[in-house]
Amino acid sequence: MSSTASAIRLQGITQRFRVIQERPDTLRELFARLFRGQTTYHDFEAVKNVSFEVPNGQTLGIIGRNGSGKSTLLKIIAGVYRPTKGNVEVYGSLAPLIELGAGFHHELTGRENIVLNGLLMGYSKREMLERQERIIEFAGIGDFIDAPVKQYSSGMYMRLAFAVATEVDPQILLIDEILAVGDAAFREKCSERMRDFRRAGKTIVLVSHAVDSVMGQCERVLLLDQGSILFDGAPKETVGIYRSIMGLEGRYAHEDF
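Going by my numbering, the letters in the sequence shown line up with residues 83 to 339, in that order.
The hints are simulated quantities; they were obtained by calculation from the structure and are not laboratory data.
Take the hints with a grain of salt, since some may be wrong.
[What the hints assert, rightly or not] Simulated pairs of lysine-lysine, DSS-like, Cα-Cα distance not exceeding 25 Å:
no., residue 1, residue 2
1, Lys318, Lys271
2, Lys157, Lys167
3, Lys167, Lys271
4, Lys207, Lys167
5, Lys130, Lys167
6, Lys130, Lys157
My request is simple: use the sequences and hints to build the entire structure.
Structure, rendered in structure tokens:
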């Protein structure tokens, strides 16, 4: 597959973190131990030599048990983490929904954060003000739009974050479990907007534990296990393998896992 046909390309990605084994009680004690060489630690590879491409317009799901490297991989694509090894290429504008409230200033109102989020994604204040009323209408949080976001529930955060990310009309949308905190009506509203994105030829990468989201939204699914790709294929087959290794063969397909 050539790079011109790809929205995302990852080659040989490894992400290594240093884990301190004996956690000191204070920051001062930590630096004292580091200075004296007394701190013990080990390196942990959250992602191990992962390579794949996402064609333009594809909706890719990423599943796996907790700690398999799903969120780390999405943050690498978003540019939050710089990989220890390997190369990441992203072709097109990108909107990440990878952490609840990320990019929000808690002391600012929802209305002010709409502009702030847009600026962080490279849009001008004028462009965000033109989109503001559509964002507010989609989010549907009423008078809370003029309240500081530190007063928001997790559902309100998600509503506003999703509304901003999808209204700026990115070419690539990254979603990490954020839709799980909304109510059923809003989740359906989000699903419909994602279907609109797919019809418009946008690229979506969705990390989720919810089988219904993966089966209903994705054309292709990656199964991660201990930081590596265990399987890459059609949703039904990939989910079936995951359910098998997790011992979930007897559970209904719509259940979360």
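Query raised in the report: Within a Cα-Cα threshold of 25 Å, do Lys130 and Lys157 meet the stated pairing?
Result: 15 Å, holds
Query raised in the report: Is the straight-line distance between the alpha-carbon of Lys207 and that of Lys167 25 Å or less?
Result: Violated: Lys207 and Lys167 sit about 36 Å apart, past 25 Å.
Query - Agreement of Lys318 and Lys271 with the hint, judged by alpha carbon distance not exceeding 25 Å - result: 24 Å, holds
Query raised in the report: Straight-line Cα separation of Lys167 and Lys271 no greater than 25 Å?
Result: 39 Å, violated
Query raised in the report: Do the alpha carbons of Lys130 and Lys167 lie within 25 Å of each other, as the hint requires?
Result: 9 Å, holds
Query raised in the report: Between Lys157 and Lys167, does the CA-CA distance stay at or below 25 Å?
Result: 15 Å, holds
Consistency with the previously given hints fails for numbers 3 and 4, ordered from lowest to highest.
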